[in-house]
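Chains as they are written, first to last, in UniProt numbering: chain A, 1 to 350; chain H, 1 to 350; chain L, 1 to 392; chain S, 1 to 392.
Nothing false has been slipped in among the hints.
Beta-carbon label-pair distances, calculated as ranges: (1) P278(A) with A344(S): 30 to 40 Å; (2) G390(L) with Q230(H): 23 to 33 Å; (3) E8(H) with E64(L): 33 to 43 Å; (4) Q230(H) with P278(A): 53 to 63 Å; (5) E110(L) with R389(S): 49 to 59 Å; (6) A193(L) with A35(A): 41 to 51 Å.
Computed list of chain H residues with no C-beta within reach of chain A, every gap over 10 Å: (7) A4; (8) Q9; (9) E49; (10) G67; (11) S115; (12) S146; (13) G190; (14) F198; (15) R227; (16) P241; (17) G334.
The set of hints was computed from the structure by calculation and includes no laboratory data.
Built from N, CA and C at the ideal position, the CB exists for glycine as well.
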Amino acid sequence: MEFAFTEEQAMIAQTVQTFFAENATSERTRAAMEAGGIDRELWASFCEELGLSGIGIAEEDGGVGLGMVELAIVAEAAGSQVSAIPLLGLATAGQAIAAGGNIAQKEQWLGPLISGEAIAAAAYAPALKVEGGRLSGTVPFVAHGSLADLFVFVGEDAAWLVAAEDAGLSVVSHTTMDQTRPLATVTLEGANAQALNFAPAREALHAGGWICLAAEALGGAQATLDRTVQYSTERMQFGRPIGSFQAYKHRLADMMVLIEQARSAVYWAACAVDEGAPEAQLALHSAKSFCADTYFECAGHMIQLHGGIGFTWEHDAHLFFKRATSIRSMMGDGDWHREQVARLTIGEAS
Amino acid sequence: MEFAFTEEQAMIAQTVQTFFAENATSERTRAAMEAGGIDRELWASFCEELGLSGIGIAEEDGGVGLGMVELAIVAEAAGSQVSAIPLLGLATAGQAIAAGGNIAQKEQWLGPLISGEAIAAAAYAPALKVEGGRLSGTVPFVAHGSLADLFVFVGEDAAWLVAAEDAGLSVVSHTTMDQTRPLATVTLEGANAQALNFAPAREALHAGGWICLAAEALGGAQATLDRTVQYSTERMQFGRPIGSFQAYKHRLADMMVLIEQARSAVYWAACAVDEGAPEAQLALHSAKSFCADTYFECAGHMIQLHGGIGFTWEHDAHLFFKRATSIRSMMGDGDWHREQVARLTIGEAS
Amino acid sequence: MKLGFSAEDEAFRAEAADWLQGQMAGEFRDIVGIPNLVSKVERRKEWERQLAAHQWSCIGWPVEWGGRDATLAQQVIFAEEYARAGAPNRINHIGVELAGPTILAFGTQEQKARYLPGIAGGTQIWCQGYSEPNAGSDLANVKTKAHLEGNEWVVTGQKVWTSLAHFSDYIFVVARSEEGSKGPKGLSFLLMAMDQPGIEVRPIRQMNGEAEFNETFLDAARCPADAMLGERGQGWGVAMALLGFERGVSTLAQQMQFRNELDAVIEAARANGKANDPVTRQKIARAEIGLNLMRYGALRMLSNADAAGLDGAALTYKIQWATWRRDLGELAMEVLGQAGEIAAGEAYEWSLLPNTFLFSRSDTIYGGTNQIQRNLIAERGLGLPREPRGNS
Amino acid sequence: MKLGFSAEDEAFRAEAADWLQGQMAGEFRDIVGIPNLVSKVERRKEWERQLAAHQWSCIGWPVEWGGRDATLAQQVIFAEEYARAGAPNRINHIGVELAGPTILAFGTQEQKARYLPGIAGGTQIWCQGYSEPNAGSDLANVKTKAHLEGNEWVVTGQKVWTSLAHFSDYIFVVARSEEGSKGPKGLSFLLMAMDQPGIEVRPIRQMNGEAEFNETFLDAARCPADAMLGERGQGWGVAMALLGFERGVSTLAQQMQFRNELDAVIEAARANGKANDPVTRQKIARAEIGLNLMRYGALRMLSNADAAGLDGAALTYKIQWATWRRDLGELAMEVLGQAGEIAAGEAYEWSLLPNTFLFSRSDTIYGGTNQIQRNLIAERGLGLPREPRGNS
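Here chain A stands alone, though its shape is the one from the complex (with noise of 0.2 Å):
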């Protein structure tokens, strides 16, 4: 029992904060969002210079081992940038593929999703049909679909893979609240469905996608009280620095005893899944609803301390909240999560 960082854990979260501090600046995360909400050279930069791409993924299939407590590290880091990369696709759909993949399938797609060649896209598709290893049915809100080369869909008792180029497959892409990570509506007409082992690639999928979410929120939190502390201590007002009115210091202090909880949250669950404890799916429910209703509470509060340029498109602060809008409604809202958290406390309802 030792709940803080490894050494070699510090290090990872000090080189990604680093990275993704020099990298990801608002510029060209502004410029992702004009071209598709990607950056590509900071994703191929992430991939192949830090080496971390292949992080809660065996060496034996070409990852780097380790597992969510340092996914979650990397997930923060880049959330804290509101960085324009397909990370969650990554953290989902590689996790599957990794849990619930043939050897196959491993072989054909893990390298590629490491290296960044292949980005991947992951959603729960419970319309789906299908009939003789064919697809069909439509998949709405797919993150990071329109850039997706492979796709993982999971249904209510099956888990497949499609590979984007499939002719039975379209993306139609949409203009997105957060146009860092926008959605895209996939169509299948008897597309070619390779499937996964359902159950360890559900449980892999969720387990990264909330922690992935979970730390994205807990960053991007941490950043929105960072830079509100700043700005109070130059803008002011009143002849004071406005950080100097206790009503501002006390929401303030609001964010940060939120995002403390929030950060237990995010490691909590990250331990508990690779120590595979049996609280791990209490844990999973309670990191993605908290961290998540934390993150848009601290978004919004930036915007609201910010007086008037708070709400212009050309201060940051609407990236923030604007992802932090998307992370509450992706992969189960905070309603249901508390509800799945009821259910493993109180029972179900009768």
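Given chain A, work out where chains H, L and S should sit, using these hints.
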């Protein structure tokens, strides 16, 4: 359309506010708490001297006419002092008899209720069973039940009047969190019940009760604000009156924002009932839920903003807090009233 | 205390409803129900001239200035029927609801004659020059300067958050006319034409992608010496009185817009089944209650308008509506789910509810942040000690 | 980063659980699960002596002073097993968790020898003399005075909110020893015996009807000159360090109590059907999540305890738990409905959940109100400017 007190209403308001401020003192209320939860002398003065106990009851029935607006004015003033009087019983049972009683019932009961010779209590009693004019069953949570001379019980499709002296009726009083309006359990074993005209009795009982509780809550909430403002200018910490600290000021401002809405709610509901407006039910559910929550929130703030002395027995803050707690749970809790608002607005859930 | 309307009032209602519905079903059916303030500007100017032609432009004003001397009840009724007919938000609401009443209250007879017909007639659109980059919450910290040159005021400085400046004809500017003055003293209130070389307007894009607000640069901009409302150096009093008019009957028109937004949320919830979810139902009920309490708060405030001093309901109104609408925006997105995050077309443009969600984040900021509102409530409403200024 | 326990730790768990369960099923079964701090005092003193006799009284302390030098993991385990066995809250928690660690940190060898055995041995109960009527949130405004007379300190003043003073053997008192000093300077930290004529204790009845807190009047109360912890006039530093120990392993024991309370809410909801209500389920889920985040926050805080400086998780802990418990109390009453407002007997005495509801209103006040906590977080955690003092 003139949503302000008439001169007569303003005069009544001033009269009752003065009456309760002068007579329903903390000392007398605390004495009443040790004596079954009633200040009989206060109630006698209210009925006999003030002459406002007949509000909302027609003059031909021995009342003073007027309506729910004036009842609200009285309840607001009584609530601002957490007065230990059986006003709620009058507002519910009295209204029910006036609206749903036959001539004999009115003649027998309204006079003594208005003069204060008799005390009434009322309760929702879905578990009661009637057989040949005889009622049996248990009615829990009857406010001021152990003092009542007369009960009105409302079931799912009938309403009855039962005299406390009936041999088939027994009462067990309970030590109750809010000692200014204790709850009792009434048990009926073949008690002699006189039927009231169900629909008008129930409607009048609900309107009278919900308005009484909402207005008490408004008065109580305003008192918590006024007393805390007063305290905040007297109590010094860090060499400043605590009311000069912005976080403290903003909390008081939040209370005022709630209270002003509560004031609109109470008098909207009262007017709507008096005018037979179609939105009367919407207004009643809104007023009961909003005012109860406002009172509870404000009473909680009162304790918090008084610091250590705020949670002592000696200080009055807990009297407000406990009354607020009881108003919240009485005659339908907030979730139930809001669900009624949802039904009126959205329709039934399917 | 009475909520119902008299038979006379109901006759007025019938007349107003009849005319409004006729217009919206006829000549102006192309502008029914536009919620924002920036589209179809020319057609809406035509509509506002049509209102004026039939004496419906500013019914609460005196008859001599184009109004009807309408009672409060009539104004309430007109606001309701205006919204019910689907007539578009008033593009010149700053002129009709703020500038006009302020000129009526503070203007000389000559000033009234000069400005009011253009406002009442729907021919002159107004905007508001209060905030500056360093005078936001600290509104009295105005740096824009004015000095007299012959019979003209010459004004230099920068205003910000000037809503609708890009198609306004006039702006009222709070400027520092007394050199060396500080804070609320030494300010004057000037009425300036926008169409002059000394004024440049640059739109500010908001987080919803639209640009309703602007920066307005004044570089030796000019107005006649007698285009000053109130006394020289006493402009702060005029500016504050104007803010009081924001809590006037116009709040009722705004509430009709809120009603549309809440109805849209309910409709969306019905459409996708969320209307059956008990948790969502609680939240919709809270919104419904809050909206009604705003309405009755406004009626209370208006009914008491003659009473001296600031009434509690009036002081609390801004934070109440701004917070309500922000919460409604959040509820809307919860109800819509991910569908609410997708725009209809390729452009970054938002339909009613997602736009409410995004735009409402500015509601709790402009016109005095929620924090400033709480200061005002605590200090003016509850008499608590004022917040100390720093030294600078 | 690791949450699981080693095999060695699990062996320790088995040993502790075995002993604790044996005690609670045997000799001490009459005091299983007492939540408050004021009943069955004598029996509980016996229990604390029994803990000491088997070296379970303060396992984190050094072996030489009666502890076991237990690791963090072992302390976590012991707290869990202590609660699981239903052992009662520690009546001497102020001695074991606050006074003891502070004496270990600041005491001379002689002071340690004088005071620690009584604490570790369960024979001397301690209470805390910090707050005064005019030194609440403004804790440094202490007026209680101390001066040396020969080889004794003579102390006069009034302390308030002295929890458990009415059956304590010792009190630590923050007193102004340097005449004319102000604020945090010039205070000293004195360890005083309660059983003397100069000390009078008057219970304060709280809103739940019980009296856990007291006023403590010191009228020329005395203690030896060398009963001062730390340097003369430097008592503020000692007092603040002591508050730091409040965020120690004892938080875990407290959380076990919270767990019991939440479990009782869930049980009540199951019993009356509210467990099927989606709105209630959301609230219970929030409470469950909050409790877990408290647990992992505490583990994070304890795991980082060696790191220099105040960690964020530690600074935020007080407001977090106090707010959580207040919310739980409200939820409990919502779940119980009116039944929660009725006492079991004639006395004004409350069972677990209604008592949580009432008592938790003091949690957000004592030990630094939520407002003071936010000041601390903003100033120490975020480096924002300090709140100015007034002139008085």
